[in-house]
Amino acid sequence: MRPIEREATQAPDAPTLRQVRLVRGGVFAFNAGMSDPASPAADAAPSMDDLLVSVGRDRDRVAFAALFGHFAPRLKAYLRRLGADPVGCEELVQEAMLMVWRRADSFDPRQASASTWIFTIARNKRVDSLRREHRPEIDPDDPALVPDPAEAADRMIEAAQSTARLRDALRTLPPEQAELLHLAYFEDKPHSVIAVERGLPLGTVKSRLRLAMDRLRKALRDEQ
Amino acid sequence: MTLPRHHPGEALLLDYASGLLAEPVALAIATHLACCPACRHAVAEMEAVGGALLDGLEPEPVAPGSLEAVMARLDRVDARFAAPPARPSRPAATPLFPEPLRRYAGADGRTLRWTPMVPGMSCAVVPVGGAGRSGGTAAKARLMRMRGNLPMPRHTHAGVEITVVLDGGFRDELGAFARGDLSFGDASIDHQPVADPEGCLCLSVTVGPLRLTGAVGRFLNPFLSF
Numbered sequence: 170m171r172p173i174e175r176e177a178t179q180a181p182d183a184p185t186l187r188q189v190r191l192v193r194g195g196v197f198a199f200n201a202g203m204s205d206p207a208s209p210a211a212d213a214a215p216s217m218d219d220l221l222v223s224v225g226r227d228r229d230r231v232a233f234a235a236l237f238g239h240f241a242p243r244l245k246a247y248l249r250r251l252g253a254d255p256v257g258c259e260e261l262v263q264e265a266m267l268m269v270w271r272r273a274d275s276f277d278p279r280q281a282s283a284s285t286w287i288f289t290i291a292r293n294k295r296v297d298s299l300r301r302e303h304r305p306e307i308d309p310d311d312p313a314l315v316p317d318p319a320e321a322a323d324r325m326i327e328a329a330q331s332t333a334r335l336r337d338a339l340r341t342l343p344p345e346q347a348e349l350l351h352l353a354y355f356e357d358k359p360h361s362v363i364a365v366e367r368g369l370p371l372g373t374v375k376s377r378l379r380l381a382m383d384r385l386r387k388a389l390r391d392e393q
Numbered sequence: 059m060t061l062p063r064h065h066p067g068e069a070l071l072l073d074y075a076s077g078l079l080a081e082p083v084a085l086a087i088a089t090h091l092a093c094c095p096a097c098r099h100a101v102a103e104m105e106a107v108g109g110a111l112l113d114g115l116e117p118e119p120v121a122p123g124s125l126e127a128v129m130a131r132l133d134r135v136d137a138r139f140a141a142p143p144a145r146p147s148r149p150a151a152t153p154l155f156p157e158p159l160r161r162y163a164g165a166d167g168r169t170l171r172w173t174p175m176v177p178g179m180s181c182a183v184v185p186v187g188g189a190g191r192s193g194g195t196a197a198k199a200r201l202m203r204m205r206g207n208l209p210m211p212r213h214t215h216a217g218v219e220i221t222v223v224l225d226g227g228f229r230d231e232l233g234a235f236a237r238g239d240l241s242f243g244d245a246s247i248d249h250q251p252v253a254d255p256e257g258c259l260c261l262s263v264t265v266g267p268l269r270l271t272g273a274v275g276r277f278l279n280p281f282l283s284f
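In order, the protein sequences belong to chains E and R. FYI, the numbering for the first sequence is 170 to 393, going by my numbering. FYI, the numbering for the second sequence is 59 to 284, going by my numbering.
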């Protein structure tokens, strides 16, 4: 276990995954006999979704270490932007990753990507810890919930493809739209401060953000 | 079951998805979401964007030994959550209030302390932990109950008022509002809602003018009618 952990810490990205795979002899539990069509071929590096499924189903610590290598530095960047101090931030990242471990069995790759699922965990962690509030959320099993119409299930099936399209769309977003999108997700500053920092008229902010969201939504829905 | 026809709009949903709303405002949005599959889908898309953005963030190296520290805590986490606490048993009849409102106000708000305001109209404060605590947001959640056909006093809003209908309905210059419908009122809206004949029970969240919503909403009030 230990050499793998050290590698995951030092090299957080793809090389780590490859090394983890080699250590495991190229056979990940989630590739063995799984009929999930989203699973990669046995010779492909496991996706983050696969790793998270593996953590949830098999309590796979190697997969968890690989997830940590990829996501912990990004969670740190996220929490730092939203006001966590450098020391407290480390603890929050650890708590968020422990939450990932604890809740992984509720991850459903048909409904969301690993990045999306972990984003919601980090977001809620931030609300709990930095704002000292609770985050009110629906309960999908609530008898008082108005259920999804049947067609929603079809849309979910192609979650993996839509994630790839979304990434492409983000990469090709005009820089000024991308900047405002980051503002919307990663900054929690008073209006006046942001306005001064950006020096933009409200109308411009409004239209850029709307254009960005329209574009991303189309990518998600494959309407391009 | 009819679906809502009045929605929060893109900016508020985005602020909810990004986690920047004060708790009482988030409670109003989530209560609408429980009644509105379309807005739930919109929030899921916005969370997908959040996930892709998180993935694209420049990684900041975590402290050395961080992974080892977390790995060492996994067993403790497993031990602590080996037997997950039983979920509260579901009531036999479908409760009037959906989650997450039920957690704050009970199945129908009857257990809260109701105060008469004007004849035919009373209100009860919904205890929300975050009210007034987050950076000067003076947001407050209340339940309001109106007798059938009662016209409320004509009013406008110094800050923002978000109303979600829970039972019955009301009508104003913007149309008819029934269960799950969300009405957004600010200084630009001067209205006189009239309760439907069967009366109206709604969740009303008011936000002081200092800090209306999250980053986007503060910018984009006109965008809210999107």
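These are computed hints drawn from the structure, not numbers from a lab. Predicted model only: the values in this text are computed from it and were never measured. Treat the hints loosely; a few may be bogus.
Claimed, not checked - Here are the computed lysine to any residue pairs in the SDA-like style, where the Cα-Cα straight-line distance is at most 20 Å: (1) K198/R to T169/R; (2) K198/R to D297/E; (3) K198/R to H303/E.
* Hinted pair K198/R and H303/E, Cα distance within 20 Å -> Satisfied, since the Cα-Cα distance of roughly 14 Å is no more than 20 Å.
* Asked: Taking 20 Å as the top limit, are the C-alpha atoms of K198/R and T169/R close enough?
  -> Distance ~18 Å between K198/R and T169/R Cα, so the pair holds.
* Asked: Taken at face value, is the distance from the CA of D297/E to the CA of K198/R at most 20 Å?
  -> holds (19 Å)
The structure agrees with every numbered hint stated previously.
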